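Participant: One line per chain: the protein sequences are D, B and P, in this order. Numbering-wise, this note's numbering puts 256 at position 256 of the first sequence, and it's gapless, one number per residue. Numbering-wise, this note's numbering puts 181 at position 181 of the second sequence, and it's gapless, one number per residue. Numbering-wise, this note's numbering puts 266 at position 266 of the third sequence, and it's gapless, one number per residue.
Calculated from the structure, these hints are not laboratory results. Only a predicted model underlies this, so the values are computations on that prediction, with no experimental measurement involved. Mixed in with the good hints there might be a few duds.
Stated by the list, open to error - Chain D side only, calculated, beta carbon under 8 Å to chain B, not exhaustive:
1. Glu92
2. Lys94
3. Pro121
4. Ser243
5. Leu365
6. Ser369
A virtual CB, placed ideally from N, CA and C, is assigned to each residue, including glycine.
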Amino acid sequence: MQDKQFMKETLLDGARAYRAGRMDRRTFLALCGAAGVATNAVLAGDAQAAADHIVMWNWGGISEECHGNAIGVPFTEKTGMGMRFDTSGPLEGKIREMVDSGNVTADVADGDLFNAVSLGPTGHLEAIDYDIVSKERTLPQYALEYGVSVILYGYAFVYDTEAYGDNPPQNWADFFDTEKFPGTRSLYKWANGSLEAALMADGVPGDQLYPLDMERALAKIQSIKDDSIYWGSGSEVHSMVVSGEASMAIIWQNRGKNIEEDTEGRYKLVNNQAMAMPGAYIVPKGNPAGREAAMQFIATAQEVPSQLAILECLGMTPSNPEAFSQIPEHQQAYAITSAQNIDKIVFNDPVWWGENSSEAVNAFLDAIS
Amino acid sequence: MQALTRYISPGWLLVAPFFLLVVAFYLGPLVNILWLSLTDPEPGLGNYRMLTESDALARILWTTLRICAITTVFSVVIGYCLAYAMVHAHQKSQNWMLTLLLISFWISVLVRTFAWLMLLGHNGVVNSGMEAIGLIDRPVRFMRNELGVLIGMVHYMIPYAVLPLMANMQTLDPRVMAASRNLGANGVQTFRRIYLPLTIPGIVASSLLVFILSLGFYVTPAILGGGRVLMVAEYISVQLLVTLRWGTAAMLGTLMLIGVLALLWIMSRFMRLTTVFGGGATR
Amino acid sequence: MSEAATGGLGLTTLTKRFGGFTAVDNVDLEIRRGEFLTLLGPSGSGKTTLLMMIAGFLDITEGDILLDGASIRDVPADKRNFGMVFQGYALFPHMTVRQNVGYALDVRGRPKAEIEARVDEMLELVQLSQFGQRKPGQLSGGQQQRVALARALVFAPPVLLLDEPLGALDKKLRVEVQDQLKDIHKRIGTTFIYVTHDQEEALSMSDRIVIMQNGRIEQLGTPTELYEKPRTRFAAGFLGKSNFLEMADGTHALRPEKIDIAPQGGLGGNARLSGTIRDITYFGAMKKYMVAVEGREDIEVGVDSWRNPHALHEGQSVELGWADHASIRLEEN
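Just need the whole structure built from these sequences, with the hints factored in.
Facilitator: Okay, structure coming up:
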């Protein structure tokens, strides 16, 4: 083990020296031969990424700091590998393009579990190695072949307390009732969460949502179309709400918490019937640090301290049941898997979304535009 | 060689290597897109058949064309007035106006879009101002709808409309307008019968430029449209990045390319494109 | 030309300043009905500015312009009814020749039939009848010039203003067009005010010439008057050529062709100066001798080539003589 580690470091130093022109090609080849490594394995892509750190592909902002502290630090302690970031946002299309182009530069992508359902079978993802990653440290329905839920985020809603005063909206039925609760609504533009909310508002029980009745959901959404605007990013819905453009908005529950705090309670978050969305770390096929390192990273993220640290930092809720009972008092109202909320929420089905999201998104866009 | 140079100016031979390079780098990706539109997800004309079968696509294309056309009309009309004022202003004020125009030209589309939100949004300067002086009792919805998209796009496009018009107006001989006045035509007659016809090449150039650029608009409709104004560029981006229907995206891309080329071709039947795009030497 | 019109113009203390620069300086001028008056001067002399003020394109700083006695100071350009032929012609490039010529009547709302008839008449006048459907870009320079003339005359203006209308034509064509212009002027009787810097044009066409310099009228008179009796050194030098001789009573102008030249002793007692031929230039009809005279500037002598009584050559000593009335005493200024 000691020898192997030494050899690896020597090789990496050699690769750097060779590329910087400090080592001639012959010496470098000899070194690789001695180490029993094919040169192109070292030189291919970024040889640095090949072993001494892992690249996380996320959405930037404060998540860079949060992921670094909550997962990166314990991961480095455990494996000796560092952590770097690509903050360009791993949209499904970008992951597919990266893998198809053969130039994979990220190890772990901060995506949705339904991405694993659509990208896994087409060969764009590494399968999850459940010898390293724990099936118990996530919700049972969220341990899939190509992805595992590491955190949960939720679709809840906020409302303007000044608009509705003594009789506030309490559930999705109220959200969709523009007669009882007049005012502009803001919905998520990419269908997700909006469709489920519409069905629940139309009377579908939370545990019988899937497969989604698209026609029924879209009809409900179109019924409030004249009073609706739609958002595409967290900052956009934030500004729509605090600027008074929308008096109610479907919102990510962590963003809702920020709004409550920013407006000193004028806007209030409602977690009743919130939909838990499994966020997943997925691994692009042929990731530079190797599958094993990526699995180690995911396993680290599953651990309770990391889960609680992410909750504190990003407001993303633990998906590891061991952590549920340790959610601190001040997060009880916001964390959707807290004892206070867990019985009131519904769970998203990533398999349905993975298989149907293209149609769903296009149908939704068509319905709202 | 003699015969060759009679038809091809020797200048072309000099730039030929670069020309070929550019052609290769442009045509390569274009052919790739065309190929994708015919093969993804399965070989055939399935993607193109969607055009006739999908009401959604037809509606998106109609929205796009409608918004681009309205944007073009307003941008060119406002741009015409600005260009006229600039060309006929004193040199000093002309420099000032050009500087202001270019500053707005250089500000990023994102910044300009958000500036409109601040100005005309729900709690924006205009709404608060009108409420404060009692003109209105609830905010007017300027943004997050088609009106918002149009305001943002027209604002963005005006510099593009002004520049070709200015270039055209600057080539006009002021003596021609003086001659019209001298012959007894008043200002309105001179504008309508002499100035306007002589600036048609500029109007066509600026309309083409604005319309074609508008077709690719993405950020402004996405933000100012409040999600309700879906234009083709945003739809293509969704198909590429979210729903992974690259074939559909490629088909729409091809369609837009063909549309633009067709537009140029139709125009070329009415006037020489070289004069439209400032090839003043060949009259 | 049944509808021919003509008018007289009076300019009184007319002045134009651009900022601190005075382009036209206190000009008084009476322009007679039906005359062909040329404003002649170097560039910057104010002749074009003066014309633009008459046309109404430039405001008057001081003074007034009277048309047949009535002030037109406040009449805008499009209401003055003066025809104008612009430098470079300023034809409407998007209109046919007929549309160009008919434009002035069209904007006045005249009936179509009248316009057509009048356009035919004008095209005939300028001999362009078969070019009516062409665009200006398809015509030669001389033809364009004639279109511009027809366009300016179609509404029978009392005054026609011409701003260096022949500047763009080559020399041979210019002489031809000069004759045509003169002819047309005679036929229609309209007052022509013609701006040029070309002295030959001015001499050959004008009834009267105004020589302008620094915004002022330097001298006004018929071509003969101006040529034979220049008042100032500038007038004598700008219109035709002159030798300037300092004599007891002041500076005299002496035209080169009024000097006799002969080998030493050839003039008998009539010799006034003697010198050496420095240069001979042959112009066909004329021969020009440059004679170096001690203590003076070279003297230019012009002799009809066919006469050439003495075979003179460069370096030869010659003597010069002239009649008493040949030299004109100039005003000091």
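Participant: For which of the previously enumerated hints does the structure constitute a violation, in increasing order of number?
Facilitator: Number 3 only.
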